[in-house]
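Using the sequences and the hints given, assemble the complete structure.
Residue-level listing of the chains:
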Amino acid sequence: MLSKKTKKKFLLTLLGSSLVFAFFFLNFNFYLSNFLISNFSYKSDYLSINSSLKEKISILEARIKLQDALINENLSLKKTLNYNLPKSLSLINAELVIVSPFTFTSSGVINKGSLHGVRKGFLAISPKGLVGKVSDVNKESSEILFTFNPNFTIMVFVGQNKIPGLLKGNGMSSRIKYITRDEKIVEGDDVFIATNSIEEYPGIKIGEISRVVDYEGFLDLSIKDLIDPRNAKFLTVIIND
Amino acid sequence: MIRQNTFISIFGGLSLLLLPIYPNSSTIDFGGHVDVSLVYIFILLITGISKTKVLIGLTSLFFYLSLSDSYAYIELAVKILTSYVFIVYVQKFFWENIRNDSIMLLIFLSLFYFVSFILYSLLFNVELYEYVSFIGIPIIYNFFISMILLIIIKYTSWPRAKNQTYQF
Numbered sequence: 008m009l010s011k012k013t014k015k016k017f018l019l020t021l022l023g024s025s026l027v028f029a030f031f032f033l034n035f036n037f038y039l040s041n042f043l044i045s046n047f048s049y050k051s052d053y054l055s056i057n058s059s060l061k062e063k064i065s066i067l068e069a070r071i072k073l074q075d076a077l078i079n080e081n082l083s084l085k086k087t088l089n090y091n092l093p094k095s096l097s098l099i100n101a102e103l104v105i106v107s108p109f110t111f112t113s114s115g116v117i118n119k120g121s122l123h124g125v126r127k128g129f130l131a132i133s134p135k136g137l138v139g140k141v142s143d144v145n146k147e148s149s150e151i152l153f154t155f156n157p158n159f160t161i162m163v164f165v166g167q168n169k170i171p172g173l174l175k176g177n178g179m180s181s182r183i184k185y186i187t188r189d190e191k192i193v194e195g196d197d198v199f200i201a202t203n204s205i206e207e208y209p210g211i212k213i214g215e216i217s218r219v220v221d222y223e224g225f226l227d228l229s230i231k232d233l234i235d236p237r238n239a240k241f242l243t244v245i246i247n248d
Numbered sequence: 081m082i083r084q085n086t087f088i089s090i091f092g093g094l095s096l097l098l099l100p101i102y103p104n105s106s107t108i109d110f111g112g113h114v115d116v117s118l119v120y121i122f123i124l125l126i127t128g129i130s131k132t133k134v135l136i137g138l139t140s141l142f143f144y145l146s147l148s149d150s151y152a153y154i155e156l157a158v159k160i161l162t163s164y165v166f167i168v169y170v171q172k173f174f175w176e177n178i179r180n181d182s183i184m185l186l187i188f189l190s191l192f193y194f195v196s197f198i199l200y201s202l203l204f205n206v207e208l209y210e211y212v213s214f215i216g217i218p219i220i221y222n223f224f225i226s227m228i229l230l231i232i233i234k235y236t237s238w239p240r241a242k243n244q245t246y247q248f
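Taken in order, these protein sequences are the chains called A and B.
Take any residue in the first sequence, count from 1 to its spot, add 7: that is its number in this note's numbering.
Take any residue in the second sequence, count from 1 to its spot, add 80: that is its number in this note's numbering.
Note that these hints are calculated values from the structure, not bench results.
Using N, Cα and C, we set each Cβ at its ideal position, and we do this for glycine too.
Where hints are given, some of them may not hold.
What the hints assert, rightly or not - With a straight-line Cα cutoff of 30 Å, these simulated DSS-like cross-link-like pairs (lysine-lysine) come out:
| no. | chain 1 | residue 1 | chain 2 | residue 2 |
| --- | --- | --- | --- | --- |
| 1 | A | Lys127 | A | Lys175 |
| 2 | A | Lys16 | B | Lys172 |
| 3 | B | Lys172 | A | Lys14 |
| 4 | A | Lys12 | B | Lys172 |
| 5 | B | Lys131 | A | Lys11 |
| 6 | B | Lys234 | A | Lys11 |
| 7 | B | Lys133 | B | Lys172 |
Stated by the list, open to error - Negatives, chain B to chain A, calculated, CB over 12 Å:
| no. | residue |
| --- | --- |
| 8 | Lys133 |
| 9 | Leu156 |
| 10 | Lys159 |
| 11 | Trp175 |
| 12 | Ile183 |
| 13 | Leu199 |
| 14 | Glu210 |
| 15 | Ser213 |
| 16 | Ile219 |
| 17 | Leu230 |
| 18 | Ile232 |
Okay, here's the thing in structure tokens:
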């Protein structure tokens with residue numbers, strides 16, 4: 008049996024932890040800092056004009072930063088509109104809210120789920136490139152496997168001839184495998200995301216071939232310009248129904 | 081003897097555990113370059129091994145594992161193996177001071193990344209240049225973050241009673 012003291016400690020800890028979680032989760036620290044600046048900041052009498060001006064400057068600077076963040080978000084969303092997608096594909100914008108802190112097997116969670124139309128296997132992209140693939144879907148959130156995760160595998164097209172291959176993660180990066188050695192692929196060839204058929208070819212470039220190695224009868228292709236998915240903030244999920 | 085406040089410890093511990101998973105929380109993850117679990121394990125080991133600390137370390141590892149996928153078990157196994165080798169074959173042979181702690185940190189990180197390289201090169205055919213370019217920045221971040229935390233936790237706190245008998 009737990010003693011009264013232990014119960015009290017346990018309850019206090021639980022209460023405190025929930026408060027901290029809510030505090031950061033709802034961004035109260037941001038609102039609180041603004042409130043503290045506007046109401047409780049030190050004001051001396053003889054420097055009151057100076058301090059009030061400084062206060063106004065800091066508020067304006069904060070607003071500019073917020074506006075900058077919104078501009079960046081809008082720019083990134085605007086870039087996704089430039090993709091020439093076929094009618095069978097559509098886009099959902101989401102935010103990467105959780106990233107697992109493991110080094111080689113990192114994955115993330117986005118704030119869109121089955122209620123928004125996300126399904127397992129859909130791809131997630133950012134304006135800079137491919138971020139990952141949806142591996143698990145809940146009602147209001149989904150898990151994204153990053154491109155370097157060993158469980159990550161998608162089909163890609165290489166070069167102008169649209170040679171199909173499998174892009175597979177290996178814990179550090181992704182490589183294209185299972186392209187037979189008789190295919191003509193050279194360094195600098197573009198790599199595009201593929202869907203189930205060439206007719207649905209969306210034309211989203213994810214990188215360029217940087218190295219071609221002959222490995223056990225197949226070509227082993229390295230790609231440059233793949234982004235670090237852990238730094239992505241806003242993602243776009245490609246809906247392929 | 082200074083009594084530690086259990087409430088603050090648990091409260092701080094939970095915050096340290098939870099906050100790094102939020103990518104924009106401005107904590108110690110630094111855009112995914114820091115492996116938080118690795119840093120925590122090292123800090124727990126270097127500040128003295130006890131059952132509670134081992135339990136905390138394992139809890140944090142399994143919590144972060146729950147956010148990853150099946151291949152994360154490889155990384156988990158490497159982390160546990162590194163910790164075991166570090167406790168048995170490394171930590172016992174160093175006198176506790178800041179220079180030796182930094183050497184031990186380097187050994188700990190090198191051990192983890194070396195074992196990981198062997199496993200990943202065997203399982204996924206990862207090449208050395210690829211591996212080095214991937215871990216280059218994380219190893220620097222992990223080292224400096226661990227050192228900063230170590231200095232804050234170990235070298236700017238009150239000495240514990242058991243340390244006083246042989247260190248002061």
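Hints, one by one, checked against the model:
1. Taken as a hint, the Lys127 of chain A and Lys175 of chain A pair is honoured in the structure, with Cα atoms around 17 Å apart against an allowance of 30 Å.
2. Between Lys16 of chain A and Lys172 of chain B, the direct Cα distance comes to roughly 36 Å. Violation of the 30 Å bound is thereby established for this hinted pair.
3. With a C-alpha separation of about 38 Å, the suggested pair Lys172 of chain B and Lys14 of chain A falls outside the 30 Å cut-off, and the hint is violated.
4. For a cut-off of 30 Å, the pair hint linking Lys12 of chain A to Lys172 of chain B is broken: about 38 Å separates their Cα positions.
5. The straight-line distance between the Cα atoms of Lys131 of chain B and Lys11 of chain A is roughly 25 Å, inside the 30 Å bound, and the hint therefore holds.
6. A distance of roughly 33 Å separates the Cα atoms of Lys234 of chain B and Lys11 of chain A; the hinted pair therefore is violated under the 30 Å criterion.
7. Distance hint between Lys133 of chain B and Lys172 of chain B is fulfilled; the C-alpha atoms sit about 17 Å from each other, no more than 30 Å.
8. The claim that Lys133 of chain B is not at the interface with chain A holds, since no C-beta of that chain comes within 12 Å of its own (minimum 18 Å).
9. For Leu156 of chain B, the condition that its CB be more than 12 Å from all CB atoms of chain A is violated, with the nearest at approximately 8 Å.
10. At roughly 9 Å from the closest C-beta of chain A, the C-beta of Lys159 of chain B falls inside 12 Å, breaking its exclusion from the interface.
11. Every CB of chain A lies more than 12 Å from the CB of Trp175 of chain B, the least distance being 30 Å, so the non-interface label holds.
12. A cut-off of 12 Å between C-beta atoms confirms that Ile183 of chain B is not in contact with chain A; the least separation is 22 Å.
13. The beta carbon of Leu199 of chain B sits about 9 Å from the closest Cβ of chain A, which is not more than 12 Å, so the claim that it is off the interface is violated.
14. Not every CB of chain A is more than 12 Å from the CB of Glu210 of chain B (nearest about 5 Å), against its label as outside the interface.
15. Listed as outside the interface, Ser213 of chain B is inconsistent with that label: its C-beta sits roughly 8 Å from the nearest C-beta of chain A, within the 12 Å cut-off.
16. With a minimum CB-CB distance of about 10 Å to chain A, Ile219 of chain B fails to clear the 12 Å threshold, and the non-interface call is violated.
17. Listed as a non-interface residue, Leu230 of chain B keeps its Cβ farther than 12 Å from every Cβ of chain A; the least gap is roughly 19 Å.
18. Its beta-carbon lying about 19 Å from the closest one in chain A, Ile232 of chain B satisfies the requirement of being farther than 12 Å from that chain.
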